[in-house]
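Engineer: Sequence:
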Amino acid sequence: MNRQAIVCVDDETTVLKNLKTELKETFGDRYLIEMASGGQDALDLFATLLSDRYEIPLIISDYVMPGIRGDELLQQIHRLSPYTLKIMLTGQATLAAVIDVAHNANLYRYIPKPWQSEDLRLTVSEALNSYHQTKELIEAKQELIQANREQAQLIEELHENERRLKQFTDELFQVNQAFAQFVPRQFMQLLDRASVVDVRLGDQIEREMSVLFADIRGFTAMSEAMTPEDTFQFINAFFRRMEPAIVNNGGFIDKYMGDAVMALFSSTPDDALRASIAMLERLEDYNQSRTTRQQSAISMGIGINTGLLMLGTVGGQHRIDTTVISDTVNVAARLEKLTKEYGVSLLITEHTLAQLQNPDRYATRLIDRVAVRGKSQSVQIYEVFDADLSANRRQKLLTKAQFEQALSFYQQQNYQMAIPLFQGCLAENTGDRAAEIYLQQCQAAIRSSFSQWRASQAR
17 MNRQAIVCVD DETTVLKNLK TELKETFGDR YLIEMASGGQ DALDLFATLL
67 SDRYEIPLII SDYVMPGIRG DELLQQIHRL SPYTLKIMLT GQATLAAVID
117 VAHNANLYRY IPKPWQSEDL RLTVSEALNS YHQTKELIEA KQELIQANRE
167 QAQLIEELHE NERRLKQFTD ELFQVNQAFA QFVPRQFMQL LDRASVVDVR
217 LGDQIEREMS VLFADIRGFT AMSEAMTPED TFQFINAFFR RMEPAIVNNG
267 GFIDKYMGDA VMALFSSTPD DALRASIAML ERLEDYNQSR TTRQQSAISM
317 GIGINTGLLM LGTVGGQHRI DTTVISDTVN VAARLEKLTK EYGVSLLITE
367 HTLAQLQNPD RYATRLIDRV AVRGKSQSVQ IYEVFDADLS ANRRQKLLTK
417 AQFEQALSFY QQQNYQMAIP LFQGCLAENT GDRAAEIYLQ QCQAAIRSSF
467 SQWRASQAR
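Numbering (the working numbering), first residue to last: 17 to 475.
These aren't lab readings, by the way, just hints derived from the structure by calculation. Possibly wrong hints are sitting among the right ones.
Cβ-Cβ distance ranges computed for the label pairs, FRET-style [what the hints assert, rightly or not]: (1) S394 <-> K40: 49 to 57 angstroms; (2) Q56 <-> A237: 37 to 45 angstroms; (3) E134 <-> Q311: 21 to 29 angstroms.
Listed below are the simulated DSBU-like cross-link pairs for lysine-lysine, each with C-alpha atoms no more than 30 angstroms apart in a straight line [what the hints assert, rightly or not]: (4) K157 <-> K182; (5) K129 <-> K40; (6) K151 <-> K182; (7) K356 <-> K416; (8) K157 <-> K36; (9) K40 <-> K151; (10) K36 <-> K129; (11) K271 <-> K157; (12) K271 <-> K353; (13) K271 <-> K151; (14) K353 <-> K416; (15) K33 <-> K157; (16) K151 <-> K36.
Just so it is clear, the structure is predicted and the values come from calculations on it, not from any experiment. Ideal Cβ placement from N, Cα and C applies to all residues, glycine included.
Let the sequences and hints guide you as you build the complete structure.
Structural biologist: In C-alpha cells form, the structure reads like this:
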C-alpha cells in the first residue's frame, strides 16, 4: 500500500499549527500531515509528494491567500490528482467561488472558520472513508475490465456478451457508488459488513434499539410560499443543524423523508433522548437567528420508542435498499404526530422511559395512554420537557402531580373532577398547551352530555 498524506494550505501560521495538531492527533498514525503556507508552496509540495509515490487522499485549503487563491489552487490540484478530495476552509469565500470549485474541482465540503473540532474531525473522517471506498470500487471495476479483456482475447465470438457484461458492471458500479453515499456506516456494522461492497440482498439482524422520528410542523404551508430551490435549501440547512445532535449522541440517520428524519440508536435510550433535547435546543438557537432576519419561527415534533427492530436489506437484482421493520418504528412515528395534538415537542413511550439509566434526570410527565394497532394493550406516553424555556419547565414540574391527577380523572371520564385541576395547571402556567387541550376536551364532553340529556327530555 502506498504511503498516504493529507495536505493543509493556509497563509496563517496559527491556523496551520492548529490544523496539524488536530489532524495529527486523530489521523497521524495513518497519514503524513503536510503543511503549505500558500498556493505555489502547495503545488510544489504536491508535486514532490507525487514524485515520492505518496498517495494524497485529501487537501484542505484556505480561500483568501496571497498569490494563488484557494479556489484556483484546488482546480489546479484537481487537474493533477482528480481523485484527491478537496475541503475549503474559510470564512470569506463567496457563494460563486464555492460553486465554481464544486463544479470544476469536485469540492467535497466547505467548512467555515472558525471551525468546530468535532465537525472538522468528522468531515475529514468521512472524506477519507469516501476516498477509500471510491478507490476500492475503481479497483474492482478495473479488475472486471481486465477480466473482460482477457476473455475477449480468448473467445472472439463472445464479444457481444462481453459488451453487455461491461454495461452491467458499469451499472453495478454506479449503484454501489450511490449505495455507499446513502447507506449509513453504522447500518453496515450492524449487519456485520465492513464495506458497502460486502452488503448482500437478504442480510438481516434483530436488535433492540431506540427509534427517533422528527418532523417540521406546518412545512407544507411553508413550502407553498417557496420556490423549489428555496425549499431544498431550507430543508438541507435545517437538517445540517439537526444532524450533529444525532451523531454526537451515538445515533445515525436511517433515512430522510421530505421534511422528516428517522434516526436509530443502538446503545441506550438515553442517547436518543439526549439527541432529541439537543435538537430542540438547536432549534431554539435557529429560531433566534431567524427572528433577527424577520423570519417566522419553526416548530418541530419528536417521538421516541424503544424495542426490537428487524434491520436488513430488501429489493431485487438491480436495486436494493436498507430497511427497518417493527411495530417499534410505527409507534415512534405515531408519537411524532401526536406531539402536535398535545401541543408538546417531545414524546416517549413507557418502554423508553423504563430503560433510561436514570429517569429522574429528565423532566417528564404522563401525557396519555394510547392504543397501538394490532396490540391488545395500550401504551403510556410521556412528555419530556427538558428543552422547554426555563420558566415553562419549572411551572410544568410544579404542576406535574396536579396534571397527572387531572389526566387520571379525564381517562375515567370524570370530567367534573378533571376540569378544576386542569384549570389550576393553567393558572400556574398559561403556556401549558396540553392542559389547555385537555380542559377544552373536558368542557366539550360535558356540553355534549348535556345536549344529549336535553334532547332526551324534549322527547
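Engineer: Against this structure, judge whether each hint is valid.
Structural biologist: Against the structure, the hints:
The hint said 49 to 57 angstroms for the Cβ distance between S394 and K40, and at roughly 56 angstroms that hint holds. Range check, Q56 to A237: about 53 angstroms between beta-carbon atoms, so the 37 to 45 angstroms window is missed. E134 and Q311 have their C-beta atoms about 28 angstroms apart, which keeps the hinted 21 to 29 angstroms range intact. Annotation: proposed proximity of K157 to K182 holds, straight-line Cα distance about 9 angstroms (limit 30 angstroms).
Distance hint between K129 and K40 is fulfilled; the C-alpha atoms sit about 19 angstroms from each other, no more than 30 angstroms. Between K151 and K182, the direct Cα distance comes to roughly 19 angstroms. Compliance with the 30 angstroms bound is thereby established for this hinted pair. The hinted pair formed by K356 and K416 meets the criterion: a straight-line CA distance of about 20 angstroms does not exceed 30 angstroms. A C-alpha spacing of about 35 angstroms is found between K157 and K36, which places the hinted pair above 30 angstroms, so the restraint is violated.
Distance restraint check for K40 and K151: the Cα-Cα separation of roughly 23 angstroms lies within the 30 angstroms cut-off, and the hinted pair is therefore satisfied. A hinted pair counts as satisfied when its Cα atoms are at most 30 angstroms apart, and K36 with K129 qualifies at roughly 16 angstroms. Taken as a hint, the K271 and K157 pair is honoured in the structure, with Cα atoms around 28 angstroms apart against an allowance of 30 angstroms. Among the hinted pairs, K271 with K353 is consistent with the structure: their alpha-carbon atoms are about 17 angstroms apart, no more than 30 angstroms.
Of the pairs offered as hints, the one joining K271 and K151 holds, with about 25 angstroms between alpha carbons and a cut-off of 30 angstroms not exceeded. Annotation: proposed proximity of K353 to K416 holds, straight-line Cα distance about 23 angstroms (limit 30 angstroms). Of the supplied pair hints, the one linking K33 and K157 is violated, its CA atoms being roughly 39 angstroms apart against a limit of 30 angstroms. Taking the CA atoms of K151 and K36, the gap is near 25 angstroms; set against the 30 angstroms cutoff, the hint holds.
Of the numbered hints stated above, those contradicted by the structure are hints 2, 8, 15, listed in ascending order.
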